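Residue numbers (this note's numbering), protein chains in the order written: chain A, 228 to 462; chain B, -2 to 117.
Just to be clear, a hint being listed does not mean it is correct.
[Said to hold, decoys possible] Subject to a maximum C-alpha distance of 27 Å in a straight line, what follows is the list of computed DSS-like cross-link-like pairs (lysine-lysine):
id, chain 1, residue 1, chain 2, residue 2
1, A, LYS381, B, LYS33
2, A, LYS286, B, LYS112
3, B, LYS29, A, LYS452
4, A, LYS287, A, LYS317
5, B, LYS29, A, LYS317
6, A, LYS312, A, LYS395
7, A, LYS286, B, LYS63
[Unchecked claim] If the Cβ cut is set under 8 Å, some of the chain B residues that face chain A in the computed set are:
id, residue
8, THR103
9, ILE109
10, ALA110
The set of hints was computed from the structure by calculation and includes no laboratory data. Just so you know, these numbers come straight off a predicted model, no measurement behind them. Cβ atoms here follow ideal geometry from the backbone N, Cα and C, with glycine treated the same way.
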Amino acid sequence: MSKKVLDRVAIIMPAFNESEVISETLRNIKKELKKLDEIKTDLIVVNDGSSDETYELAKKYSTVLNHLVNMGSGAATRTGLEYAKRNKYKYAVTIDADGQHAPKDLVKIINKLLNSKFDLVVGSRMLKPGKMPINRKFGNNLLSIMTTIFMGVKVSDSQSGLKGFSRKAIEKIDIKTNGFEFCSEILWKAGRANLKIVEIPINAIYTTYSLGKGQTSINALRIIKSIITQKLRDV
Amino acid sequence: MLFNKYNVLIYLTAPVLILSLFRIMDNYKRRKIGSKSTIILLASWIVLTTGLIFNKYIFDVIRSSKLSDSTPLSLYDVIQISLIVFLIYITFRHTFKIEELKGKVTKLNQEIALKDKQKR
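My request is simple: use the sequences and hints to build the entire structure.
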């Protein structure tokens, strides 16, 4: 007998060696989620083989799925989405663990998911670039252009970690890549499955920590390579 | 002239080339690689095979059109080219194996994480 799809939202947070900030990030998110009285939300941290205290700290505030070895943020996100799928969550939202996303924007994404018919809600930092460093702006624009050309999905911030998924999107999007390139893959698969995609502006909080944890130029090159090979391999 | 150097090069590389083509088709049949990957891999190996089969002809054409003035194939060249072809084969094979293993480890990692949660 199949279980009923509940009106619950799974907040999925892939985390790798984030002990410095994860407690504060989770506390801030929990505080903000308390304001959503009528919506049941569950915080799910996917500890991606961290070698620090991330697992122990995350356990105090959330459900933790533990990867024994580090596989990358794509693999961690896939585990989180698979958990949401198997546990019949109606919605899922992915968020970065480094604290670069404002909890208020997470709530904005949840509200957009619940009050519209969109399947994929992308929080775009490029619609509100603010104090984004110039190299980030350039990198994000370049990767978004590449995603548009190769994946056929036009978005302003293809690498955003703050994304909302409807049940349909959770079921249809099957991530295959393990690294940061999964962001482009999600958009590609959403486009291929004819899912309705919308972008909403979000703020990015840039701290020395989040800038250090974010994507490097090498990662950007890896993503470009992966976008091209994904297209060729027809993942 | 069954054993001139150009033919020896074909004899030495032929097993590797045939094995590669068979492996690509076998992996495709077992659905280990997609159709686009199969086409790309087959095309690469067919180009290489064609180049090696017609190596004498290609060398003559290049020389007659003065694109190169290198000396004809030496025994050292034959061994070197054969080894390069063999290394290309090994590289392809190991890349494929690593990718396959990576996929399995990722899946295993995911299942352990999810099953571990179910138990609690």
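Hints, verified against the model:
Between LYS381 (chain A) and LYS33 (chain B) the alpha-carbon distance is near 24 Å, which keeps this suggested pair within the 27 Å criterion. Taken as a hint, the LYS286 (chain A) and LYS112 (chain B) pair is honoured in the structure, with Cα atoms around 17 Å apart against an allowance of 27 Å. Between LYS29 (chain B) and LYS452 (chain A), the direct Cα distance comes to roughly 21 Å. Compliance with the 27 Å bound is thereby established for this hinted pair. For the given pair, LYS287 (chain A) sits about 25 Å from LYS317 (chain A) by alpha-carbon distance, which is consistent with the 27 Å threshold.
For the hint linking LYS29 (chain B) to LYS317 (chain A), the alpha-carbon distance of about 33 Å lies beyond 27 Å, and the restraint is violated. Under the criterion of a C-alpha separation no larger than 27 Å, the hint pairing LYS312 (chain A) with LYS395 (chain A) is consistent with the structure, at around 10 Å. At most 27 Å may separate the alpha-carbon atoms for a hinted pair to count; LYS286 (chain A) and LYS63 (chain B) exceed this at roughly 72 Å. For THR103 (chain B), the interface hint holds, since its Cβ comes within 8 Å of a Cβ in chain A; the closest pair sits about 5 Å apart.
Residue-level restraint check for ILE109 (chain B) holds (minimum Cβ-Cβ distance to chain A is 6 Å; threshold 8 Å). A distance limit of 8 Å between C-beta atoms decides the matter here; for ALA110 (chain B) the minimum to chain A is near 4 Å, and the interface restraint holds.
This entry does not satisfy hints 5, 7, going by the numbered hints stated previously.
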